[in-house]
Amino acid sequence: MGLARGHLAVIAGALVRGIEAAGDRGLYLVRMSGMMTLLLLRSVARAVTPPWRPRPVIRQIHFIGARSWLLIVVSGAFTGMVVALQFHDTLVRFGTVSLLGSAVGLSLVRELGPVLAALMVIGRAGSATCSEIGIMRIDEQIDALECMAIDPHRFLLAPRLVGGVICQPLLTAMFIVVGVVGGYFVGVGLFGISAGAYFQGMYDSVVWNDVKMGLIKSIVFGLLIVWICSAKGFLLHLNRDGAFGAEGVSRATTEAVVLSFIAVLFADYVISSVMA
Amino acid sequence: MKRINLELGVGLFLIAGIGCLAWIAVKLGDVGLLPDRTYPLNARFVSISGLKDGATVELAGVRIGRVSNIDLDHEDYEAIVEMTIDEGVRLQEDTIASIRTQGIIGDRFIKLSPGGSDVYLEPGEEIADTESAVLLEELISKYIFESDSGK
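Note that the protein sequences, when read in sequence, are chains G and U.
If you're matching positions, the first sequence starts at 1 in the numbering used here and goes up one per residue.
If you're matching positions, the second sequence starts at 1 in the numbering used here and goes up one per residue.
Any given hint could turn out to be false.
As the list claims (entries may be wrong) - Partial pick of chain U residues on the chain G-facing surface, computed with a CB cut under 10 Å:
1) G9
2) G54
3) R90
Derived from the structure by calculation, the hints contain no laboratory data.
Heads up, the beta-carbon is just placed ideally off N, CA and C, and yes, glycines get one too.
The shape of chain G in the complex, shown without the other chains:
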């Protein structure tokens, strides 16, 4: 009897500890998302109010956009080529190869262009942004900025947000154009579809609503990527898992990349379902 009561107490204790841990985790998540939202609101507020400083924005456009062009061109070309290859294989079975242009155009403009360009930017610029700001946090450079009465939101985050929102649609557009050319190379060059059918099919089936959807997606993705990646670095000191050194930065960067991927795919679904 006494043994059974002892067991019961142990089980109850474990249960309470489990619920406690879940509650603790929940509180932490709520707190972090609140901090990240506040950080976004503050940075957007600093970005839209004067004084504007164009030079850091230009530097960010250079870092996020101009230096990603080769990656975007290569991935865009191969995406267009593989889409054309796969669609050609399917369309041949139905005897409607002339639809290749519209298939490539629609899939690139609506879905593949915005999403894949965003994933490329996360890998190239997002991770670098997170680790850069994270190292500034553990080096106490951000505290130093605050000591000198320099607002880190205006100094560090606002130019990145503006740069990301400007660069992402442009990179997406480049991705789509290169993808269309890649599809042309495979469809017309390799499989011998008529060039007129390829382009006319594309012009006829892609409408302004598709282009608008791709554009809105890319702007939202740009904002999400820069926000999540810089917030993860900026709030590194709130990370409870400790390891405030190199390990902390690497963990924050990993989390930022994973969270950005999920956020982009989630936002992609939401925007598609709202606008379709």
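Starting from the known structure of chain G, arrange chain U on it as the hints suggest.
Same frame as chain G, now just chain U:
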């Protein structure tokens, strides 16, 4: 030298990106930067099943315009299709508008067949003779059930 590189890089990137964006918007998205040299025409159909905004309007197989708006007449329960036709194309008042499909599984489009009248349609007027979309399913069910009842 480094500064020039930065600015040159950003400038080239912006030019290339905006160029691509402009191509997508103008060529693919059909955003008319120049005023369109088109005029509107309407047509009523009993059913337009499958026809979408932006579908092409063809005459003799040549693309002469596109569908700009689709609406429902709430009194007659008919579909009102607004088309924009290229400026140079004049259509007789007994032109026939029919809804056709490209291939078997292709997009729906409007085929115009010229009439023989001397009177031409003015912008905003309505094409009187229309042929609705042919629904393969309806045809088949008609064939099956009518041949059943005939026996």
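Consistency of the hints with the structure:
1. G9: Status holds, d = 4 Å.
2. G54: holds (4 Å)
3. R90: Status violated, d = 24 Å.
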